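With the hints as extra help, turn the sequences into a complete structure.
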Amino acid sequence: MKPLNTYRAGPDEHGHFGIYGGRFVAETLMPLILAVEKAYAAAKADPSFDDEFRRYLKHYVGRPSPLFHAERLSAHFGGARIYFKRDELNHTGAHKINNCIGQILLARRMGKTRIIAETGAGQHGVATATVCALFGLPCVIYMGKTDVERQAPNVFRMKLLGAEVVPVTAGSATLKDAMNEALRDWVANVEDTYYLIGTVAGPHPYPAMVRDFQSVIGEETREQIMEAEGRLPDTLVAAIGGGSNAMGLFHPFLDDASVRMHGVEAAGHGIETGQHAASLTAGRPGVLHGNRTYLLQDDDGQITEAHSISAGLDYPGIGPEHAWLKDMGRVEYVSITDDEAVAAFQLCTQKEGIIPALEPAHALAHVGRIAPKLPKDHLIVMNLCGRGDKDVFAIAKRLGVEL
Amino acid sequence: MSAAFKTRLDARFASLRTEGRAGLITFTTAGDPDAATSQAIMAGLPAAGADVIEIGIPFSDPMADGPAIQLASQRALKAGASLKKTLAMVRDFRRADDTTPVVLMGYYNPIYSYGVDRFLVDAKAAGVDGLIVVDLPPEEEGELCLPALKAGINFIYLSAPTSTDARLPAICRNASGFLYYVSITGITGTRSAEAGSVEAAVTRIRRHTDLPIAVGFGIKTAEQAAAIARVADAAVVGSALVETVRANLDGAGSAKPGCAEAVLNVVRELASGVRAARRKGAA
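Going line by line, the protein sequences match chains A and B.
Numbered according to the working numbering, the first sequence terminates at residue 511, and the numbering increases by one at each position without gaps.
Numbered according to the working numbering, the second sequence terminates at residue 907, and the numbering increases by one at each position without gaps.
Note that these hints are calculated values from the structure, not bench results.
All figures in this text were calculated on a predicted structure; none of them were measured in a lab.
Heads up, the beta-carbon is just placed ideally off N, CA and C, and yes, glycines get one too.
Some hints here could point you the wrong way.
Calculated Cβ distances over 10 Å to all of chain A for the following chain B residues [as the list claims (entries may be wrong)]: (1) 691; (2) 708; (3) 715; (4) 716; (5) 815; (6) 831; (7) 871.
Stretch by stretch, here's where chain B covers chain A in the computed footprint (C-beta under 8 Å, at least three residues) [unchecked claim]: (8) 117 to 131; (9) 226 to 236; (10) 407 to 417; (11) 477 to 491.
If you want it as structure tokens, here you go:
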């Protein structure tokens, strides 16, 4: 495919990235979606909004997050020079908070007094509950019952922060069902409620807005790698569930033709088993949750259950901009199994003294695949987008250890 | 604007106008709780008093629906329902009934997956008159609404309490068949609207369209249906019917004998309520 002059111009005014994206929502929600779009456009044009956003990122989140040269892992793989973008050091332990700060400031500008959100692993739920505590707003978090059970520490954290956590039993009781339930809440509480979506998906303007708030990851990385190495990285690697940490890292580099990008999906038990969450690798275009994108679905267009050991990747869709970048060939999408991710989780812990979340452990497993074959001066930046405290119980169970 | 073609919906609403009464629109989910029972319910609806039949296309993720219709979808899918079988059900119904309008209601993904062009050909051939697709607002009219109009199928738009006067012209621009007023901000089968607020909303919408206006969401009893029938052109009842399906299942989730008849009895009650309600302003 012929390269474009820019990959950073999207979406168009209707929220489309090529054929992807859009605004596929019920009429009741449509006026709200348009109000969010209008409010976000006004906020973007207002320098005081950006000032406020940056101020909270610096003094509350703790940004910029460091760019760390992972020397022992680089030596272990024996090839490329590997850097970690340390977004696991953010307040609340993941990249999710970047977006939550941006959106809560927007919700306040819009005069909304109640916040709802969906969560899978619980990281977005914790980040949302955190900013709601910070600004004194009531908060309801929808979480699939399956996830409530496997992410007990995060459920407790959300409750400590004052959020109401609603276990969702409908459908497969995971992230997609939590998102359905959040949409149902929103449609019933249109006057006062703001839906704080946690990833680069949903109806326009959410995919673009969440990407913009997360782009701080890539913007910092660009400055930091220039300082450390005097040049741009050669390859960026990030895990993909809905795709927000990857989009945040990739977007500022999309027009730098020399920078390769790899998005890593969850292959679960293996693509061939059908039990995975790799919508770009094994799904096809469809419409769900307000946007057209790649979805895991059966022949009848019914959405199928995703599987991953990582609750944060366990979603049958993907942000629409990723769908477009895949079709354009600008980003390469690969997948990593549960077993590979668990091995990378242990390796990272032992070699670098960093307990990563299972999500970036997928990214690291892919780094482990490509790094050995690359020259020593090849620069890889991997987004270490979350810390693994929340996953220690799941890992212990997996390793047969009783806590 | 009215469509350049006439469907059974236009004929039915014209005859209701002549009769001076509002219509009853029933919603049941295709294949719930199984193909045979669902077909039997559909076949009995016209005689039970349904003026327009809405058939739900089962979907795994019905975002705008409350628990009753969510469960109906799940039961249907578990029993093997699909969009293809939904069309077959309409085709079968049409062998005995060529006048009662049939509207398919659902979400876009199964239709998109089936292929829009192929779907419209097959739906028309099966005897479908109209489509209600919850997640296709006027902003996405190029997806299915405009192709449907070309294929001679009505595309029925939803209007909600949040649809302002500024938005209604866009909603009405390519609407045909009838306009569906969602009487509450919320999901199906939960709260009920006050007849007074519905009347005000219907009056407001009338300023933007000559199409018949049907009102749905939260109408469960014959009394509520009658109250709506006094102020609108049709009342839509769904959750109360699929709840009746659920109440007539055995422990294993299979239809008990008389399940279809129980649903049709509820329809008879609702129809008597609607038919007894004299239209405001009617002689």
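Verdict on residue 815/B as a residue remote from chain A, using beta-carbon distances over 10 Å: The claim breaks: residue 815/B does not keep its Cβ more than 10 Å from every Cβ of chain A (closest is about 8 Å).
Residue 708/B remote from chain A - nearest C-beta pair above 10 Å: violated (7 Å)
Mind verifying the non-interface call on residue 871/B? Its CB should be farther than 10 Å from each CB in chain A. The claim stands: residue 871/B keeps its Cβ more than 10 Å from every Cβ of chain A (closest is about 20 Å).
Count residues of the stretch 117 to 131 of chain A with a Cβ under 8 Å from any Cβ of chain B, then say if the count reaches three. Answer holds; 3 residues pass the 8 Å Cβ test.
Take a quick look at residue 831/B and tell me if its Cβ sits farther than 10 Å from every Cβ on chain A, holds or violated. holds (18 Å)
Verdict on chain B covering the stretch 477 to 491 of chain A, where coverage means 3 or more residues with a C-beta closer than 8 Å: violated (count 0)
Is the listed coverage of the stretch 226 to 236 of chain A by chain B valid when you require three or more residues with a beta carbon under 8 Å from a beta carbon of that chain? violated (count 0)
For residue 716/B, is the shortest beta carbon distance to chain A beyond 10 Å? It holds; residue 716/B is separated from chain A by about 19 Å at its closest Cβ, greater than 10 Å.
Has the stretch 407 to 417 of chain A got at least three residues whose CB is nearer than 8 Å to a CB belonging to chain B? With 6 residues close enough to chain B, the hint holds.
Distance rule for residue 691/B, whose beta carbon must clear each one in chain A by more than 10 Å: Violated, because the least Cβ-Cβ distance between residue 691/B and chain A comes to about 8 Å, which does not exceed 10 Å.
Grab the minimum beta-carbon distance between residue 715/B and chain A and tell me whether it stays above 10 Å. Correct as stated: the minimum Cβ-Cβ distance to chain A is 17 Å, above 10 Å.
Checked against the numbered hints given earlier, the structure breaks hints 1, 2, 5, 9 and 11 and satisfies all the rest.
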